[in-house]
Structures are given as structure tokens and as C-alpha cells.
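The primary structure of each chain is shown beneath.
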Amino acid sequence: MSSIAQKKGFGATIWDFMTTVDHKKIAILYLISGGIFFLIGGLEAMLIRVQLAKAGNDFLSAGTYNEIITMHGTTMIFLAAMPILLAFMNAIMPLQIGARDVAFPFLNSLGFWLFFFGGIFLNLSWFMGGAPDAGWTNYASLALASEGKGIDFYSLGLTISGFGTLIAGINFLVTIINMRAPGMTYMRMPLFTWTTFVASALILLAFPPLTVGLFFMVFDRMFDANFFAVEMGGNTIIWEHLFWIFGHPEVYILILPAFGIFSEIFAIFSRKRLFGYTALVFATILIGFYGFMVWAHHMFTVGLGPTANAVFALATMIIAVPTGIKIFNWLLTIWGGNISFSVPMIYAVAFIPSFVAGGVTGVMQAIAPLDYQLHDSYFIVAHFHYVIVGGVVLAILAGTHLYWPKMFGTMLSEKLGKWTFWFFFIGFHLTFFIQHFLGLMGMPRRVYTFGADQGWDLFNAISSVGALFMAIGVIILLVNVVLTSIKNERVGNDPWGDGRTLEWAIASPPPFYNFAQTPLVRGLDSVWIEKMDGNKKGMIFAEPLGDIHMPNGSIIPFVISLGMFIASFGALYFLDGDKPWALAVLIIGLGITFGSMLLRSLKDDLGFHITKAELLEDAKGGNTDGH
Amino acid sequence: MMKGIKKWRLFALMTTLLVFLAGCGREEISTLIPAGKVAQDQFNLLILSSIVMLFVIIVVSIIFVLAIVKFRRSKMGEDMIPEQVEGSARLEFIWTAVPIVLLLILAVPTVYSTFDLADVTSMDVQAEDGNSTHLTVNVTGKLYWWEFEYPEQGITTAQELVVPTDERVYFNLISADIKHSFWIPSIGGKLDVNPENVNTFYLEFDQESSELEDGVFYGKCAELCGPSHALMDFKVKSVDREEFDQWVTAMQAEPTPAEGALAQQGEELFGQDGLACISCHATSGAVTASGVGPNMATFGDRNRVAGYLEHNEENLKNWIADPQEYKPGNLMPDAASLNGGNELTDQELDALAAYLMGLSVEE
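First to last, the protein sequences are chains A and B. Per the UniProt record's numbering, residue 1 is the first one in the first sequence, and the count goes up by one each step. Per the UniProt record's numbering, residue 1 is the first one in the second sequence, and the count goes up by one each step.
Keep in mind the hints are simulated off the structure, nothing from the lab. Just to be clear, a hint being listed does not mean it is correct.
Here are the simulated lysine-lysine pairs, DSS-like style, with alpha carbons at most 27 angstroms apart [claimed, not checked]:
#, chain 1, residue 1, chain 2, residue 2
1, A, Lys537, A, Lys620
2, A, Lys149, A, Lys579
3, B, Lys317, A, Lys531
4, B, Lys70, A, Lys415
5, B, Lys37, A, Lys531
6, A, Lys418, A, Lys536
7, A, Lys603, A, Lys487
8, A, Lys579, A, Lys537
9, B, Lys75, A, Lys415
10, A, Lys8, A, Lys620
11, A, Lys418, B, Lys317
12, A, Lys8, A, Lys612
13, A, Lys537, A, Lys603
14, A, Lys418, B, Lys37
15, A, Lys8, A, Lys418
16, A, Lys536, A, Lys612
Given the sequences, and given the hints that come with them, work out the whole structure.
In C-alpha cells:
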């Protein structure tokens, strides 16, 4: 099966990816599309820094600048960071728990295509009458007053891609609850699986408020529903609450999987079991739990009153405790270890001071009266970039290096990886450290220009130079990816040599059916246990070799999502009044979506079996690298 | 070679120094140079939290640096397998308890200050003569300018807030359109200007703005409100109580008629029989009705044109001729549309500028 895949033509490969329900291929789809959106978001960031490089610059107009900051934030959060993390979750988590695939392979594919079409839809706004321009937070009074269709692109696009993320979250929850290999108790799950689990629970609970908010927004803009229209008795603060009830957990949806990746890296490259595994697990759960109780700290200056501000200030401070527990446990994991400074570990090591810096400024902003000064200034811009770039993006870069061999069967160059690291790391601190001071010096965020008389010239110029360094780092990474793919030196099961968890006991990349026999888990870090026990086969198995039942690929998820995509254009133009074709487009789009759902419901798809003979053939054929 | 290194060192040192010297920003706008009680409280919290956080950073850094230096593979040996430690309940307790103590140190002043800064109970306290004991200013945020109404004094001004020093000044904030945020960094932290409700807080101005290099404190809109959000600046003049009272009296008086032929021509143009600028821009400060455009009574006294351009006739004329060029998305019609479709002549612009620059309540 997999050896046939190698010989496919280009068209057939594309078709294969369009119809796949294999978690490993969907992971690659998430990684590629998330990566492309990351580059787009990065390009937008560079435009921002060029515009702010000097006082009174006229490189971008005011309106364009607002579109770019909005799309930079929205793209980076929804279309880059989350999908890339979903890529790692998809690629690794089912392997870590010894599962055949995720619980709902069909839904997994549907989740991806919804995200993909939502993201494309949102970005098409650039070419179809203007991008959204009310900031990624899309505060209601500004959003309702925004001319053009930008905000409608935002609401519809995020609704569609939000469906996709919600589906992915539910899928992972069910997978982790039901599909763990024998012996894989909850307290033996690798930390990355744990963080995937908690982040998925957060997705499940946090995305509905956003969807509600977006629905209100769509109804207000298209049908004059007046949820937020103040002159009609509406209230814009409702949007802020809905947005941040989603928005704060969203931060943890991003950072928890990042924590998971770093936890794996610290253990592997220190050659040591995670210190305080139990504490790390409970800290993860606590952070997820508290994450829902602190949203109003984004709204200290809204005028909620001192009682609300004081309560939310204290609740926010509490989050520092489990986060601190994590930091210290990681430090103690390294302590007494045998540290190899491979590229993933360099990122992990650099993550600690970067994230601590972002964490302490977070506590400072939890002090409500102090936040009155810091809120909506460049201080907050510096803070959340320290957390998201210093935490999430470093984790994404680390994870890319760590899991590249598992996903593609070949190692990224260590040498180029280190170049990327140094450019990116130095550039990151150069760009954002100084922004703390810009904020304290009175510079508000989201300003498209500033006067030469404000005293912010030098620091902004330095910040822009830093952004250039980060861009160079990312370009070197791209070169690395291309060179690695050309060289294509195949690697074995455990390319880092010190793998501890189940994903390192299977070929790189794994065969499409994952483990031929479900492994038996005897404790935390099961592969490490077998290694120490001198088990030559790498694992012991819970079942004899037998036929494997696999799902068929399907184009239906793609078509369902395509239908939603088409319908969105209908909805977008429907209320213009002068475009009679819009209604037809809306109906056709929804028809495609519901028609293909109906087809899926009525047509039995029983999948297929891989026979024992084929599995033996695969094993004999030296098919350890999956080809 | 050595020389090269030395030069590089000198350069690095100079850069560092420059960064630190510039590190506090301008006194007109920096939160690091507080000029009022509220900003001072907030600055103290900044210092307190920075010290606590510095302690955290130092502890983490020491463990971190020791760990990555001591336990490198080059030192430990290629094949060495470390002891697989499970954890330590005692350590877990320590690094749970110590941060809680640190947070308590921060929590107490946080709660105190949160309630203290929101305390507006004395706002409506009246003295024996029936007047409030404190000044209250009603602030309205508009696209992209600020209106300041002094309800008790019966006066209104725009773009330049004038306040007495060394006493509490209360502010009622509301937006006429999009959400804004009212921020005077060196005087005190911001409060949002919502379209649906009045937000109230107080500030104190402990320094006369005349002592500043530019003569005014800088105020900002801190919430994205459209294309010209970055340009929605205002200025604050803080003067002692006596001077403030004089200013109020002058504001309450009828505006003096324009002097000189050019300015009189400008007044004509500005009036109902000319371009009817006056139907949006009042020229008397003694009004309390909210204006469509900024009140012009103090225009000649101002520090800036349109909130951010240098205060000279050139900028004023450019602004009148093409407001969209300078503040995209603002609501002021361009002059041609008020003039039957014809651009204003240079002479007409000169006249308007002369008239507006002559509008003053200060001697």
C-alpha cells in the first residue's frame, strides 16, 4: 500500500491528500497550510515594523495599516499557531497512546478542510474589497462602523474555521479517553498527550462563546439585529465579554501544547525522566481550569468597577502558581541530567528565560491599577509577544525539528537549525524587549504612526531591526526544509537516540496503520523502560499479529467544506441587494454541504482490512521507514 | 585585531548607555516620570512588582544557568545515564508556597489601590455655597477629537484640557461614536470611553505644565477607533488654581470680535454667511451643548493644530483645505464642499487662519 504511494504521480498525490483520513497525512496538511499562513502573518508583521521604523513614516496608509495589524493577529492566532500545533497533535498524539488513528478519522479530515477553507476565505478579503480592520479583537463599536466587507469576511471565515477547530478538539478528547493502548493509564500518558487533552477540553468549552459572538456580529452587520448597536439599546461590552471568555482560554489552548512539546524535549535531551510528572499534570489541569476565570483582566479599563477588577486581578495572579510549578519542574528535570544541545533542546532552553520574562510581565499586568497604565500600550504588545513567540512559536520551531524525522523520515540540518535559532532568538528579544519601555514611555498600541516629538524613534528603529533578524531566521528554516527534502537521508525509529515515549518505537514515518500490533504499556516513558530492560524489539505487544480494520479515504469532508466556502460568498453578497446571483450561490453552497452530508449518512462505508499476510510482507520487506 | 574588538566594545557600551538614557522617555508623556498622584501610585506598584519579579527572575536564572553549565553532555560523558528521579514533594511544596507568599505581597496593595483609584464618592460633595468642592470635567470622545465640558462653570473647550493643579479632578467619560480610551500617561492610567455608559474616575495634576519643555502634557486615545486612532491626541494644560479661575472667567466671557481686516474677513467666512463653519464649531467657550466639531474659543492658545500638527498658520491652512489628508476618516467636510465646490483661494485661507489664530482667552 505505502510502497505504491511512492510511485504516484503528482495529481494522484494531491488526490491522496484531499481524500486522506490518516492522522499522519492530515498532520502534514495542517503543517503545510499552517506554515504558509505563518509566512503570510510574518510578512504582515514585517510590513508593520517597516511602517514603524521611523517617526511619521508614510510607507502604509492609516487604513491599510489597520487591515494589516488585524490580519497579522488573526492569521497568527487562528491560522498559523493553532493549526501547526494541531499538526503535531495529529502526528504524534495517536502514536504516543498507541492508537491506530484518532477516534473519528473522517471528522479529522473534515476539521482540517473547514479550517483550511475558513482561512482561505478570510485571506481572500485582501482581493475582494478590503480586509477586516477592527483589530483581531474586533471590538463591536468599531466593527459595526467598519465600511466594506472586511468584518463580514472575519466573522464568516472564523465561524467556518472555528467549526474545524471545535471538531478537532472533540476528536482528540474522544481519542485520548477511549483509544489508549493497554496499560496506558491516564497517569502514564506522556505530557504532550496530557496537554493535548486539556487544550482540547479548552477548545470544546471556549469556542462556543466565540461562535455566539460571531453570530451576533453577523446578524448585526447583515440583518440589523442590534445586539451591539448602542443607539438601538445594544451593548458593545457584551462582545468584549464573549470575545475574552473565548480569548483567554485560547491563550492556554496555544501555550499548553507548547508546554507539552517542551516537556518531551527536556526529558529526551536530558536523558532523564520528567521531574515531578504528577505535579506537571496537575499544573496543566489547573492552568486550564483557571484559564476560564480570568477573562476580565483583558477589560480592567472598561469600567467594570473596583470589585470586579479586584476579583479578576487576584484570580489572574493565582495562575502564576501552577505556571511556576511547571518552570521549576522543568529546571529540575535538566538538573542532574545529561544535556545534549541539539536544536530542539536549544529552543527549549531558550524558552525558559523568554517565557519567564513574559510570565512576570503578565503578573505585573494582573495588578489592576498598574494595568491601567500598561493596558493597550506597547507594554502589552511586548508581553503577549513574549508569551506567544517566546512560548508558542519557540515550541513550534522546536517541535518542527523534533518531530520532522517522525513525520517525514529525515532529519532537518542541525547546523542550519542553529543558525535559524540564533537569528530568531536574538531578533525576537531585540524586537520585543524594548517594546516594554515604549509602552511605559506612553506609546499606545495599534498606532499606524507616531510623531518625532514623542521620543519613541530610537526604540522603534531598534525593534524593526530585530524583526529583520527574525525574518532571516525563518528564511534559513525554509532553506533547511528544502535542502533536507532534497538530501532525504532516511532515519530509523528513534533518530534522537533517547526517545522515551511510544512514538519513538515505530518507524519514521510510521506505516499508515501505525503499530502492526498494539503495544503493551508498562509504565511512564514506556519505550525508555523497554530500552533499560534491554528489550531488543523495542516494545512488547498486547495482541498477536492479526488483520487490521482501516477506514477508507473520502473526498466528502473536502466537499462539505467547499460547500460552506461557496455558501459564505453567497451570504457575503446576499444583502447587497443588487446581486441577485448571491442567493443562488448561498443555496448552491448549502446544497453541496448538506447533500454531501446526506450522502455520507446514507452510503455505508465499511472500510477495508489489511490482512495478516500483508503485514508480514511489510515487516519482511524492510519497510521500517514506511516505504 | 585587538583594536577592532575595543572599538566594538566601545560601540556596544555607547549603545547601552544611549538606550538607558533614553529609557525614561519624555516627561510630557512617560509613565516613568509621574506628574500626578494616580500615576505615582501606579509607578510605585510598577517598582514594587518589578522588584518582586526581579527576585523570581534571579532565582530561576541561577538554577537555570547552573543546570545548563553543570550537566552538559560534554561534561557528563556520551553514555552516562542519569538517575531517573521521580520528583520531590518537599520541593513541590516550596515552589508552590513561596510564589503564593510573593503574590500576597502584591495582592494587598493591588486590592487597596483598585478601590482607592475607583473612589469617586466625594465627587458630588457640595460646599456651603452649593458648588461642588471638586472640579468635574465631562469628556466626550469623538472621531478623532476630544471635547471637554465643565458643567458647573458652564464652559466647553476641545482638544486642550485645562485643569487646576494639586487637587482632585473628576472625569465623566463617554463616547459619541466609537469606543475610545482616555489616557494621560504621566498623570495616570487610562479609562475606556464607552459609547453606552459614563465611566467616572479621578486624576490629580501635581505639576504645572508650563514647567515642561513643550508646555503641555500629552494625552492619547488608547483604543483602536479607526484609521486616525494614532492621531487622536489631546493636550493638557495644568495651571495653579488662581490661573485656572482666571481662565474660567475668560472662557465665560463673550468672545472679542476679530481685529484687523484680514481676521475680520476670516470671521465673515467662518460665519453663517460665509462657509458656515460656525454651525459645527462654536467660537464661544460659554456653551455646554455638545458640538458637532471642536469648540474654537481657545484655538489661538493651543499647542497643536488638529491635535498633533505644529501650531502654525501653514498647518492650519493645509488642514482646512484638506482635512482627510491629515486625519483620514475624520468627519470634517473639506472646504470646497462648503464653498459651492470651489477650492478656497490662498487669500481666503489666510483670512480664516488669521481669524482662528486670533481666538484666544489667555492674555
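Item to complete: For the pair we were handed, Lys537 (chain A) and Lys620 (chain A), check the Cα-Cα distance against 27 angstroms.
Response: Since the Cα atoms of Lys537 (chain A) and Lys620 (chain A) sit roughly 14 angstroms apart, the hinted pair holds (cutoff 27 angstroms).
Worksheet item: For the pair supplied as a hint, Lys317 (chain B) and Lys531 (chain A), is the alpha-carbon distance within the 27 angstroms limit?
Response: This hinted pair is violated, its Cα atoms lying about 81 angstroms apart.
Practice prompt. Compare the distance between the alpha carbons of Lys75 (chain B) and Lys415 (chain A) with 27 angstroms, and conclude whether the hinted pair is satisfied.
Written response: holds, 22 angstroms
Discussion item. Between the alpha carbons of Lys603 (chain A) and Lys487 (chain A), is the straight-line distance 27 angstroms or under?
Written reply: Outside the cut-off at roughly 44 angstroms; violated.
Worksheet item: Given the hinted pair Lys536 (chain A) and Lys612 (chain A), is their alpha-carbon gap at most 27 angstroms?
Response: The hint holds at about 23 angstroms.
Discussion item. Checking one constraint from the list: CA of Lys579 (chain A) to CA of Lys537 (chain A), max 27 angstroms. Satisfied?
Written reply: violated, 66 angstroms
Item to complete: Assess, step by step, whether the Cα of Lys8 (chain A) is no farther than 27 angstroms from the Cα of Lys620 (chain A), and give holds or violated.
Response: holds, 23 angstroms
Worksheet item: Is the Cα-Cα distance between Lys418 (chain A) and Lys317 (chain B) 27 angstroms or less?
Response: Violated: Lys418 (chain A) and Lys317 (chain B) sit about 57 angstroms apart, past 27 angstroms.
Practice prompt. Compare the distance between the alpha carbons of Lys418 (chain A) and Lys536 (chain A) with 27 angstroms, and conclude whether the hinted pair is satisfied.
Written response: Answer violated: Lys418 (chain A) to Lys536 (chain A) is near 33 angstroms, above 27 angstroms.
Worksheet item: Between Lys8 (chain A) and Lys418 (chain A), does the CA-CA distance stay at or below 27 angstroms?
Response: Distance of about 35 angstroms is beyond 27 angstroms: violated.
Worksheet item: Does Lys149 (chain A) pair with Lys579 (chain A) here, judged by a C-alpha cut-off of 27 angstroms?
Response: holds, 15 angstroms
Worksheet item: Regarding the pair Lys418 (chain A) and Lys37 (chain B), is the alpha-carbon distance no greater than 27 angstroms?
Response: Violated. Lys418 (chain A) to Lys37 (chain B) sits at ~49 angstroms, over the 27 angstroms cutoff.
Checked against the numbered hints given earlier, this structure breaks hints 3, 5, 6, 7, 8, 11, 13, 14, 15; the rest are met.
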